[in-house]
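Asker: Once you have looked at the hints, place chain B on chain A.
Just so you know, the sequences run in chain order A and B.
With the first letter of the first sequence counted as 1, position 62 gets the number 62 in the working numbering; the numbers rise by one all the way through.
With the first letter of the second sequence counted as 1, position 8 gets the number 8 in the working numbering; the numbers rise by one all the way through.
Hints in this document: simulated from the structure, not taken from any laboratory.
Treat each hint with caution, since some may be false.
[As the list claims (entries may be wrong)] Beta-carbon label-pair distances, calculated as ranges:
| no. | chain 1 | residue 1 | chain 2 | residue 2 | range |
| --- | --- | --- | --- | --- | --- |
| 1 | B | W102 | A | T207 | 51 to 59 Å |
| 2 | B | K134 | A | A35 | 52 to 60 Å |
| 3 | A | K189 | B | E646 | 17 to 25 Å |
| 4 | B | I109 | A | F121 | 40 to 48 Å |
| 5 | A | I295 | B | K134 | 33 to 41 Å |
| 6 | B | G500 | A | N254 | 51 to 59 Å |
| 7 | A | I295 | B | E433 | 22 to 30 Å |
| 8 | A | F222 | B | N315 | 42 to 50 Å |
| 9 | A | E225 | B | T468 | 49 to 57 Å |
| 10 | A | I295 | B | G500 | 24 to 32 Å |
| 11 | A | F222 | B | A208 | 30 to 38 Å |
Quick caveat, the model's predicted, so the values are computed rather than measured.
Virtual Cβ for every residue (Gly too), placed ideally from N, Cα, C.
One letter stands for each residue in the lines below.
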Amino acid sequence: MTEKPKLAVYWAASCGGCEIAVANLHEKILDLDAALDFMFCPCLLDTKKKDIEALPDKAIAVTLFNGALRTEENVEMANLLRRKSQLLIAFGSCAKGGCIPALANLSTKEDLLSSVYIDNFSVDNPSGITPSGTTSFPEGDIHLPALLERVKHLVQEVDVDYYIPGCPPESHQIWNVIEVILSGDLPPKGSTIGCGNLTVCDDCDRTKEEKRITAFRRNYEFYPEPKVCLLEQGMLCMGIATRNGCGAPCTKANMPCTGCYGAPEGVSDQGAKMVAALGSIMDIGDTTGLSESEIAGRVDSFLATIPDYAGQFYKYTLASSTLGGRVGR
Amino acid sequence: MKIGIYFCNCGSNISDKISAEAVTEAVLSFPEHPYVTIIGFICSEDGKAEFEESLKRERPDRVVVAACSPRDHESTFRRCMANAGLNPYLMQMVNIREQIAWVTEEPAIATEKAIRAIRGAFFRVRLQEPLEKKQLETCPDALVIGAGPAGMKAALSLAEAGRSVVLVERTPFIGGLPVRFEELFPALECAPCMLEPLMGDLLHGDYAERIELMTMSELVEVTGFYGNFIAKIRQKPRHVSLHDCIGCGECVEACPATSMNEFNSNASLRKAIDFAFAGVLPNAPFLMEEICVRSRGEECRACKDSCPMGEDVINLEEVETIVERRVGSIILATGAGLYDASRVAGIGMGTLPDVYDALQFERMLSSTGPTGGEILTKGGNAPASVAIIHCVGSLDEAHIPYCSGICCQYAFKFNHLIMAKNPETRITHYHRELVLPGKEAQTLYHHAAHNKNSRMKRYDGIKDLKITQDDNGGLNVNAKGEASPVDMVILCPAVIPAEGAGTLSSKLDVSCDSFGFFRELHGRMDAAQSTIKGVYLAGSCQEPMDIRTAMLEGMATVGYTLAGLQPGRMIEIEPISAEVDETHCSGCHLCISVCPYRAISFDTERNVSSINAVLCHGCGTCVAACPSGAITGHHFTNAQIMAEMEGVLK
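The shape of chain A in the complex, shown without the other chains (with noise of 0.2 Å):
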């Protein structure tokens, strides 16, 4: 009997809800058993990282690597499962884009320590000690990973086979991807799969009209038409600038696509591109006659119908984006 080939799934800078998503394979968890040597998930599994330092470089057949890389600790990892790797795949939106984790590049690393370890009402640290590296007790030295300068997303530090979209990944999206793997017959290195090729919008059922907004309304201010498109009832509904294969299930519970697919097929910068649609059918109403201060305040009312730029436009991808870090609100 010929050997299974090896799969792991491994966690940097993330919450666990990839692996919650692996899990939801429900049954079908017997048929990739049967298939792959899951051997490696510090989640569900016991291995240790030595384990794979033992191994022979390229011994695991795919990895799905999800998390940001936020600490030291994350880098070296990625670094061990690449080398250990023959398919190394960008494992949810964490490992593509940065998502959350990486909404913290909107600060420094010393403000983030500080305001989590010394500028807090519920700590009490009168030495001021941050975790950044090792630090000496009487007691002995504790190590701990530092953190990095910025939070990074998986192909910033090493070289990345495929990437997978989703916060978390759609379980039968994942069985898609394990069949295509195991049929052998794999699209070009760097390609996203897992997916679909259009937007959310083409999954969603709700019927779609032109578009103008006057105003956003957030989700407990009003119950939404059931079979209106979100955007046009005045949700931030990302649905239009993010990538589909999800099947939708938010805008199906009334809740407004948050855009966890990432940008779509052929479009770079996911929060850029969804700011200039928005641009594009924002209504002022008619501008004739006023002044530039009027036209500006005018603007000024409606982008205050968006509380958080950041969160909404680049919640997954501020990392991978053209902006890096820099957003105002």
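Answerer: Leaving out everything else, chain B in the frame of chain A:
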């Protein structure tokens, strides 16, 4: 890929600041070694010949021309490309004159900038694709909406030029507002007399056959685009054949039903079948169904039986019809109306007797009007004193912020006409501003100003004026604490768009400004063009204007129609347009409202947007807006733009 770079010295315009030798040296290090040719003036006859000869000899795959602004000579150099057998869109121009040589002090820096700009163009042009202009058959005929001065002028002139015209008019008659007036500023011509030759030619002249006049009609829907519009027009029943009626009026005599006549500002009676007013053209009555006793279920054929021209002239059974016409262009000439002066508090409009707005007073002055041209108060006497109030609702943020620009002139016309009839009448003009532009307007003003019985009083805001009625029924104008008794008040309200302009604008997708006037493509350069290609604006539907300007605008729309659409000539469609990649369109509809030219429609069957290349101007708005990156701007693709930027920044 062989690339030719042509450097124009533009005499010394460019060569004074930018060294052709340094540019040549730098360019030779570009990938694949492009060749460089330096020419003194590429745009001169010799220069063009040299350019074309060189292109024929070298047969480059792509060409960069470093010279002046593309606004100057891009089309010149594209023609050279075509003459040399190359696709014109495989050339990229770099503006090293206006953008570099003329605005850079230091020659070394100018040369460095020029090298960078040329490098950008070099990397961009490699990605440029050959594009072909498309040709399209068009319909040269026009639809004119509104048969006032502007619309009539346009319709007749187009007919004279051999075009078929559909002239749609909402009322039962032609001539618009001024045909209801007696005399016109500035020269006191009789309005119906002045318009009569035009109206006569329109109805019965040598070219009348080419004009299909539809009275009592309205546009229902327009589909299609420039050169190929399909217009649906609803024709309400007139019940009287314009073709067979001789206008004798026998039916009017016979008709038993009466009502107020709206065309005389409801100041006289009319029969159910009647003329709009005396002397109206077309010279035929029309039947108002809501007045006719038949609308109450009574049997009546009095009109039909009285007609001396036979059974077929009056058709009591006639019903509304919808007809369809194919036209190449649409001229909007729907005119203007007056701001409802009853919305201005305290001036008595609609509540006090002998307070009239300008249109009501025009009808009173008219010999075809309710008083036969006599100026009479409700009591039947000539007024001894009249107040003429200018700027009613105008220059007022609470009402209409703009100045209509024509009211002062007709107000002084009123002064003159009142004085001509009753020289002892005392007239007071209450005005906020006096606006009398042009070489002819001052005559009537001076006439009033030098009249011993006329006075001018300036007021600050309409709130400072009150028209009141005393216990004896007499009117008083109260201004600045002073009450002046008057017998009659004439209000000159702001000029506003005619009723229905808003509906028409949504049917045609022609945008309106905040006042409801149709928005021009450009307020100075293209004031007679709307924002929709092939839809033109004539007369006061675009802004308040006098008859002279309306007629001129009518002619301007004729110019656009004749210049753009010619029988047998195809229109060329610029290939720099946007295109939807249907495999990437998710059907979000976002692009549709973004397009300023209404060029994008939605294919509901395939759930994708599609762009009509005829209507597309290649502005790129949809390209930027498309959130799924499914729209490409030909000649301005993302890859081309990125390559140009990278070339410049390298």
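Asker: Taking the Cβ atom of A:K189 and the Cβ atom of B:E646, is their distance within the range 17 to 25 Å?
Answerer: holds (23 Å)
Asker: If you check the beta carbons of A:F222 and B:N315, does the distance land in 42 to 50 Å?
Answerer: Taking Cβ atoms as reference, A:F222 and B:N315 lie about 55 Å apart, which means the hint is violated.
Asker: Per the hint of 24 to 32 Å, is the separation of the Cβ atoms of A:I295 and B:G500 within bounds?
Answerer: holds (30 Å)
Asker: Hint says 49 to 57 Å; check whether the CB-CB distance for A:E225 and B:T468 agrees.
Answerer: Taking Cβ atoms as reference, A:E225 and B:T468 lie about 53 Å apart, which means the hint holds.
Asker: At the C-beta level, are B:I109 and A:F121 separated by a distance inside 40 to 48 Å?
Answerer: With Cβ atoms ~57 Å apart, the hint is violated.
Asker: Quick check: does the Cβ-Cβ distance between A:I295 and B:E433 fall within 22 to 30 Å?
Answerer: About 27 Å separates the Cβ atoms of A:I295 and B:E433, which means 22 to 30 Å holds.
Asker: For the pair A:I295 and B:K134, does the Cβ-Cβ distance stay inside 33 to 41 Å?
Answerer: holds (38 Å)
Asker: Look at the Cβ atoms of B:W102 and A:T207 and judge whether their distance stays inside 51 to 59 Å.
Answerer: Cβ of B:W102 to Cβ of A:T207: about 54 Å, so the range 51 to 59 Å holds.
Asker: Range first: 52 to 60 Å. Now tell me if the beta carbons of B:K134 and A:A35 are that far apart.
Answerer: holds (54 Å)
Asker: So does B:G500 sit 51 to 59 Å from A:N254, Cβ to Cβ?
Answerer: Since B:G500 and A:N254 have Cβ atoms about 41 Å apart, the given range 51 to 59 Å is violated.
Asker: Are A:F222 and B:A208 spaced within 30 to 38 Å by their CB atoms?
Answerer: violated (60 Å)
In this structure, the earlier hints numbered 4, 6, 8 and 11 are contradicted, and the remaining ones agree with it.
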